[in-house]
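Trainee: Sequence:
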Amino acid sequence: MGTELDATEAREPEWRAVIADVRAILPETKLWYGCNWWPNVSAVNFWDALDFIAVSAYYPLSNHINPSISELNASWVPIMETLQATSQKFNKKVIFSEIGYASFDQAPESPNQCCSGNPNLE
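Taking the numbering used here, the leading residue of the sequence shown gets 1, the next gets one more, and so forth.
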């Protein structure tokens, strides 16, 4: 239905109307909306009208250039808790509509700002 349209997410009645219109035309089509990682999936209130919850998962995980695997795993814990809570609240599966961490120094802290700065193959 859209991707990262943060400024429109509060316009719930309009989203619901568009979703209903698309469902009327394409009743067999699975629908999802891809929210940005911030503010987060709990800011969207029309998940119940869709088939999936989708998120562009460029979550900052560390302010270290070369974080350890255990630090990265620990950083995902609260993210996954939020995703799971939203999934349970709306009884919908969560999919990552976008995800990626480029091989640059700033990737753990600012993964959405790809491909500038110092390359880092660690």
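Hint data in this document are derived by calculation from the structure and do not stem from the laboratory.
Since we're looking at a predicted model, the values are computed, not measured.
Treat each hint with caution, since some may be false.
Said to hold, decoys possible - Distance condition first, Cα-Cα at most 30 angstroms in a straight line; then the derived DSS-like pairs of lysine-lysine:
1) K93 x K30
2) K30 x K92
3) K89 x K30
Said to hold, decoys possible - Derived Cβ-Cβ restraints for the label pairs, each shown as a range:
4) V77 x E14: 32 to 38 angstroms
5) N66 x D6: 26 to 32 angstroms
6) C115 x S75: 35 to 41 angstroms
7) N66 x K93: 20 to 26 angstroms
8) L26 x I65: 24 to 30 angstroms
9) L72 x P119: 25 to 31 angstroms
10) A24 x N91: 21 to 27 angstroms
11) D6 x M80: 18 to 24 angstroms
12) A7 x E81: 45 to 51 angstroms
13) S70 x W38: 22 to 28 angstroms
From the three backbone atoms N, C-alpha and C, an ideal C-beta is built for every residue, glycine too.
Trainee: A separate judgement is required for each hint: does it hold in the structure or not?
Mentor: Hints and how they fare:
In summary, the hint linking K93 to K30 is supported, as the alpha carbons are separated by about 12 angstroms, within the 30 angstroms threshold. The suggested pairing of K30 with K92 holds, with an alpha-carbon distance near 12 angstroms, which does not exceed 30 angstroms. Restraint check for K89 and K30: the C-alpha separation of about 19 angstroms stays at or below 30 angstroms, so the hint holds. About 35 angstroms separates the C-beta atoms of V77 and E14, a value consistent with the hinted range of 32 to 38 angstroms.
Evaluation of the 26 to 32 angstroms hint for N66 and D6 yields a pass: the beta carbon distance comes to about 31 angstroms. In this structure the hint that C115 and S75 lie 35 to 41 angstroms apart at CB is violated, the actual value being about 22 angstroms. Remark: the range hint 20 to 26 angstroms for N66 to K93 is contradicted by a beta-carbon distance near 33 angstroms. At roughly 46 angstroms, the beta carbons of L26 and I65 sit outside the given window of 24 to 30 angstroms.
The beta-carbon spacing between L72 and P119, approximately 19 angstroms, falls outside the hinted interval of 25 to 31 angstroms. Checked against the hint of 21 to 27 angstroms, the C-beta distance between A24 and N91 comes to roughly 23 angstroms, which is consistent with it. Separated by about 22 angstroms at the C-beta atoms, D6 and M80 satisfy the suggested range of 18 to 24 angstroms. For the pair A7 and E81, the supplied restraint of 45 to 51 angstroms is violated, since their beta-carbon distance comes to about 27 angstroms.
At about 24 angstroms, the beta-carbon gap between S70 and W38 stays in the expected band of 22 to 28 angstroms.
When the structure is compared with the earlier hints, violations turn up for hints 6, 7, 8, 9, 12 and for no others.
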